[in-house]
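Visitor: All chains should be modelled from the sequences, with the hints used to inform the complete structure.
In the order they appear, the protein sequences are chains C and Y.
For the first sequence, numbering that gives the first Met the number 0 gives the first residue as 0, with consecutive numbering after it.
For the second sequence, numbering that gives the first Met the number 0 gives the first residue as 0, with consecutive numbering after it.
It is worth saying that the hints were derived from the structure and are not from the lab.
A few of these clues could be false.
[Claimed, not checked] Have a look at the derived ranges for each label pair, beta carbon to beta carbon:
id : chain 1 : residue 1 : chain 2 : residue 2 : range
1  : Y       : Pro18     : C       : Ala11     : 17 to 25 Å
2  : Y       : Leu46     : C       : Glu163    : 46 to 54 Å
3  : Y       : Glu21     : C       : Gly68     : 40 to 48 Å
[Stated by the list, open to error] For the chain C half of the interface with chain Y, some residues (derived, Cβ under 10 Å), not all of them:
id : residue
4  : Gly9
5  : Arg13
6  : Met27
7  : Tyr34
8  : Arg47
9  : Arg52
10 : Ala55
11 : Glu56
12 : Leu64
13 : Leu131
14 : Leu158
15 : Phe159
16 : Ala173
Every residue, glycine too, gets a C-beta built ideally from N, C-alpha and C.
So the chains spell out like this:
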Amino acid sequence: MKDIGDPATGFAQRVDAMTLARAQSGDMQAFAALYSCFGRPCFNLALRILGNRAGAEDLVQEVFLKMFGAIRGYRGDAPFGSWLKRMTVNAIIDQLRAQRRDSDVDAGDAAAAQPASDGDGAAARVDAWSLLQRLPVRARAVLVLHEFEGYTHTELAALFGQSESYSKSILARAVKRLSELVATPAETTPCPNRN
Amino acid sequence: MSESQLTSDGNSVRLGELPIAEPSPDLWGRITHAHQVALRRARRRRLALWSGSAIALVAALVGASALRAPTNPGGEVDWQARAQALELQLREAATAGRPGALPAEAYSELVRVDRALQAAYDEGAEHPRVTALWKRRSELLNTLLQARRENVEITRI
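Guide: Below, the structure is given as C-alpha cells:
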C-alpha cells in the first residue's frame with residue numbers, strides 16, 4: 000500500500016512508543032488515547048464504504064475490541080495506523096462478504112434507480128458523497144480503497160480473494176457509472192455523517 | 000481532502016471533497032462497556048473450565064484410589080468400596096457425555112440388588128450374603144459404566 004499520508008482519514012498519525020507499550024499491557028487510558036487518534040479515521044473509512052452511521056459505528060466497535068486483544072502481537076513492523084487500517088479494511092471486507100448477495104444486488108438496483116448529481120455537468124466538481132452512495136457497495140469499496148486510501152490492485156485482489164483484473168474491472172465500471180451519474184441531473188443524497 | 004480526478008478506461012470524473020464525519024460521542028463508552036462484558040465472560044468461562052477440570056480430577060483420583068485398594072486388611076476384595084467407586088465414575092461419565100440408553104436389563108437388576116441389599120441390612124443378614132450382593136452390584140455398575148463409555152465414544156464420532 001502506498002503511503003499517501005491522507006490527512007482526511009488520519010491513519011498516518013504517529014503513535015508514541017510509550018502509549019503503545021501501555022496499550023500492550025492493557026492500560027485502558029492508552030486505549031482511549033489510541034481511540035482519540037484513530038476512532039474517527041476508522042469510522043470515516045467504514046462510513047464511506049458501508050454508507051450508514053450505525054453500521055460504521057458497529058464496525059469501529061468490532062475493530063477496537065479486536066485490537067484490544069491483538070495489540071500484544073503488534074511488533075511495529077508497520078506504523079500503528081497502517082496496522083489498524085488493515086484491521087479496519089479486513090473487517091469491512093468480512094462484512095461485505097457476509098452480506099454479499101444483498102449488497103451487490105440492492106445497491107446496484109438502487110444505483111440504477113437513482114441517477115444523481117447536483118446538475119453542474121460532467122466537467123463540474125460534484126458531491127462525492129452522493130455519488131459514492133449510488134454505487135454498489137463492492138464497487139464503492141474498491142473505489143474508496145484504491146482512490147482514497149492508496150491500495151494497489153494487487154493488494155485489492157488479495158483482500159477480496161480475487162484476481163487483479165477483477166479489481167480493475169470493478170474500478171473501471173465504477174468510474175464509468177460515476178461519469179454517467181454526473182452527466183445525468185438528479186437529486187443529491189444527504190451525507191448522514193454530521194452529528 | 001482535496002477533490003479527486005478518477006480516470007479509467009477512457010472515462011473520467013472529478014469528485015469533490017469527501018466530508019469528514021464524527022462518530023457518536025458515546026461510541027468510546029460503548030466500546031469500553033462491550034470490552035468489560037467480554038472480559039467478564041472470558042473470566043467466567045475460565046472459571047467454569049477450571050472448576051470442571053478440578054471436579055473431574057477429584058472424581059478420577061477418588062475413583063482410582065478406591066479401585067487401587069479394593070481389598071480389606073484380610074486380603075478379601077472390598078466389593079462395597081469398589082461399587083461406590085464405580086458409581087462415582089458412572090456419574091462422572093453421565094455428566095461428561097450425552098445421556099444415552101443404558102442396558103435395561105442391567106439397570107433393572109441393579110434396582111433389584113439395591114432392594115435386596117436394603118432388605119439384607121434391615122434383617123441383619125450375615126456377611127457373606129451382604130458381600131455377595133455388593134459384588135453383584137459392582138459387576139452391574141461395571142456393565143453400565145462400559146455401556147456409558149461406549150455410548151460417549153459413539154456420539155463423539
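Visitor: Hints first: check each against the structure and report whether it holds.
Guide: Cross-check of the supplied hints:
1. Pro18/Y <-> Ala11/C: 17 to 25 Å: 19 Å, holds
2. Leu46/Y <-> Glu163/C: 46 to 54 Å: With a Cβ separation near 50 Å, Leu46/Y and Glu163/C satisfy 46 to 54 Å, so the hint holds.
3. Glu21/Y <-> Gly68/C: 40 to 48 Å: 26 Å, violated
4. Gly9: 9 Å, holds
5. Arg13: With Cβ-Cβ at 19 Å, over 10 Å, it is violated.
6. Met27: 7 Å, holds
7. Tyr34: 5 Å, holds
8. Arg47: 7 Å, holds
9. Arg52: Cβ of Arg52/C sits 8 Å from chain Y, so the hint holds.
10. Ala55: 8 Å, holds
11. Glu56: 5 Å, holds
12. Leu64: Hint holds; Leu64/C Cβ to chain Y Cβ min 6 Å, cut 10 Å.
13. Leu131: 8 Å, holds
14. Leu158: Not OK, violated: Leu158/C not within 10 Å of chain Y, min 19 Å.
15. Phe159: Interface hint status for Phe159/C: violated (17 Å vs cutoff 10 Å).
16. Ala173: Since the shortest Cβ distance to chain Y is 8 Å, the answer is holds.
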